[in-house]
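Asks: Below, each chain spelled out in residue letters.
There are 4 protein chains.
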Amino acid sequence: MDITKRLGGEGYTFWGGREGYFSLLNTNLKKELDNAGSFFNMAVKYKQKIGANFQMYIEPKPREPTKHQYDYDAQTVIAFLKHYNIEKHYKLNIEPNHTTLAGHEFEHDIMIASAYGMLGSIDANSGDPLCGWDTDQFNMDVKKAALIMWTVIKQGGLKPGGLNFDCKVRRESTDLQDIFISHISAMDVYAQGLIAADKIIKDGTLPKMLEERYSSYNSKIATKIDNGNSSFEELERYAIQNDEPKQKSGQQELYETIFNRFVNW
Amino acid sequence: MDITKRLGGEGYTFWGGREGYFSLLNTNLKKELDNAGSFFNMAVKYKQKIGANFQMYIEPKPREPTKHQYDYDAQTVIAFLKHYNIEKHYKLNIEPNHTTLAGHEFEHDIMIASAYGMLGSIDANSGDPLCGWDTDQFNMDVKKAALIMWTVIKQGGLKPGGLNFDCKVRRESTDLQDIFISHISAMDVYAQGLIAADKIIKDGTLPKMLEERYSSYNSKIATKIDNGNSSFEELERYAIQNDEPKQKSGQQELYETIFNRFVNW
Amino acid sequence: MDITKRLGGEGYTFWGGREGYFSLLNTNLKKELDNAGSFFNMAVKYKQKIGANFQMYIEPKPREPTKHQYDYDAQTVIAFLKHYNIEKHYKLNIEPNHTTLAGHEFEHDIMIASAYGMLGSIDANSGDPLCGWDTDQFNMDVKKAALIMWTVIKQGGLKPGGLNFDCKVRRESTDLQDIFISHISAMDVYAQGLIAADKIIKDGTLPKMLEERYSSYNSKIATKIDNGNSSFEELERYAIQNDEPKQKSGQQELYETIFNRFVNW
Amino acid sequence: MDITKRLGGEGYTFWGGREGYFSLLNTNLKKELDNAGSFFNMAVKYKQKIGANFQMYIEPKPREPTKHQYDYDAQTVIAFLKHYNIEKHYKLNIEPNHTTLAGHEFEHDIMIASAYGMLGSIDANSGDPLCGWDTDQFNMDVKKAALIMWTVIKQGGLKPGGLNFDCKVRRESTDLQDIFISHISAMDVYAQGLIAADKIIKDGTLPKMLEERYSSYNSKIATKIDNGNSSFEELERYAIQNDEPKQKSGQQELYETIFNRFVNW
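Residue numbers (my numbering), protein chains in the order written: chain A, 1 to 265; chain B, 1 to 265; chain C, 1 to 265; chain D, 1 to 265.
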């Protein structure tokens, strides 16, 4: 933290890869979590004391090397931060590869962290959903890149923070130029994703479909629900007074088809 | 809720099996989570209004029928409850089978919920870690039952709440008596687990090993850490003044061996 | 089989979804496999008896509804057919979704079946690698479609056989038009895949890289190995006489980058 | 192989951990499999040439370090051996941990290899079904040990071959005595498993239930099916002449309950 401040670093990431358990038999979960809470509280105090203003991040990962890591995924870390009253001092550094290891879609933790205003930075690598360990591959999937960049644009960018490559070439690579090729290619993939996301937004079809799908959430009754001013009694009356609502199709395949148009052509 | 009150029910469980998404492309995560928050807030208000005093539970499940359910696991639900300020009104009803589907050990969600004072009740079934869906089998594993009952004893029991069987006989069962046999057997398994847990506690070897493993957490400096009265600076001084700590082995195999003695003979 | 013959059907697929076990405790594996062998032998004889000339297929699937299905994946089925001496009477109908459930890459069973001359037909759906059950989604991934079509072109097409959609719209679909949209879209995806595969082949870069990577397999010594005319002694002499071979990089990222060019722009 | 012969070794195991692929894009599956076939054929010839009579084993493993290993599981290896006409020269060395990584039950590959007369030796370790990598833990589960030993007894033992520990203590272990404790404990677990398996066989309840479950496989018509002397036509007549068969329950829970009695008390 001292060095980050001295160097003018804008961010400081905690990755607690050994903060977890190998067996529940020899583990006191609560003591370990409380201690982790104390640790992260002391980090907040120390940052204040040295007058640093970098952003602190926690990077979730479900396991490896431990069997179970306490920073399992985005929501688990948010729960942890809230429990120990330090949520305003940290953001999340999401590695999509870790997200799939936690059983979620590649882009899930990006989106859920963003939804709660906690997406700080992105470890822009990729994994192999069939291998149960952290492969740290270069992301070569433009569709996934487009989903991530769409989320980043929607939240107004990452500032501070950004996309960094926590990647390595595959084990079969023996040429130095592979490192060159893979970095350029993965950057291209994110550039293609950014272009696709920008087109999706400017075109407006998908955003409009999404808005339309949730349009009933803007009705008078929905606003009362949002504000905490409604009740089961009122909703019961509403349901009786109004006809059975017309069911709207989820149209997943249509969304996927339109999304494909921005990525593949 | 009205009927539960009228019947003198002591618990009311919410299982949001359809509260999740099939595709992130057509989903507004934040709106859906906020609405779920409003719903559970209204449930609190409604319970108060009708003067009911049953315990309300949320039962985590990671997926199925949806691809991703918002009540993914114990910690995700705790995060949700804290975010919407309703954590004191709900406890968790843990189904171990759902825990393995979320990528955690069978007993993990039981223990983590208990650690945070949120374990309310147990759906005492079992799953198949190799099948990716909810098999709702009768638990036939005494070791797992012992771990669960040990946790229940440690937190002083489940009151209200308890162990209920959300189980069904396998698809190949065609005899009525299988239902009889399976219920009795699974009850026996939990009874054996309870006996084993009781012996483990009375014998004291494992609890003492565990206490010993964490004994440095009771030192003067550890107490200051716990109380939030320490700092990185103090810990740095402490580390310099004191020798490198003697590393204690995790002894996982010893724990497993001793645990086995209480279960298998 | 009678009806297929009467209708002039060109193919007949066996899918043994219930031919597997739920528990090894109550199962005699060998008896069940031998009986399955007898069954498929009788099917061969019956087809001959009625003078039918349709192609018979077996469709591998690892589980669901059973915990373990005997037709686990392509190689397991090939083993089975060889053991019971009926491999020349059957081909495989591969469903990529089942392949991922068996822990293999989407395109793996297509390629391995093709490598052994056993790829007969394709159930052209897709699954969700994070959901452990058969979702039968419409394939919306052009990259995967390109890999499949590339394999199909390489083996000279599927004749008889073809691509059929064993797909259904998602649970959230309530509009009839979703069925229309999803079929058209998934057909488009395979058409895009076919165009990409054709371009890959005509462009020649990737096929040439692949040929180059295995070029030492065409050397004199390699031909002797292939023909079963070499030996460890000869290879030892060869290794001593020749210098350490220059190691060729696997260049996975370069392959992925070039492949992307044919799919994404 | 020379050294094994000189030392009087009774077995020689091939584990092809790097014989697989990282990406299908840069891989010629057929060439690699054919080369592997040539290699194992040359090993047969070399063994004959040096006049050795040790048993050769192949140890299946689905992945790690590669993304996909050609020796995926027992049935895949059996298919491979049959295809290259060397099945009588090799047996399998099964590591249960690898079996779960391939998506099968711990004991599955032991049983399936035994069913086909191919079980030669056992790497008696254990894995973690929730971690997707090879943890090589000491097996502490008596139930699993009992299933394995029951299979070994049924096939008349392993000769040559045996149970060897390919295990290591957990990462948190720092005491030398952990290695001592873990080996003794895991040996005890297999000893308990052997005692349980012996009791199961001598008691006879489970074997008799299993025999009874398959008793119709001993009928006159079943014998004709077994011998390849039946036909669909005959079976059709049989089905019409005889009443709908009385369905027998799979009784999985009863099997599990009785099995538990031999393991837990």
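Bear in mind the hints are in silico, worked out from the structure with no lab data behind them.
Since the structure is predicted, the reported quantities are computational estimates derived from the model, not experimental observations.
Cβ coordinates follow ideal geometry from the N, Cα and C atoms, glycine included.
Among these hints, one or two may not hold up.
Said to hold, decoys possible - Far from chain A, by Cβ distances over 12 Å, these chain C residues were calculated:
#, residue
1, ALA36
2, LYS45
3, VAL189
4, LEU254
5, PHE259
Stated by the list, open to error - Partial list, derived from the structure: chain D residues whose beta carbon lies under 8 Å from chain A:
#, residue
6, GLY132
7, CYS167
8, LYS168
9, ARG170
10, GLU172
Asks: Which hints from the list above does the structure break, by number from lowest to highest?
Replies: 3, 4, 5, 7 and 8
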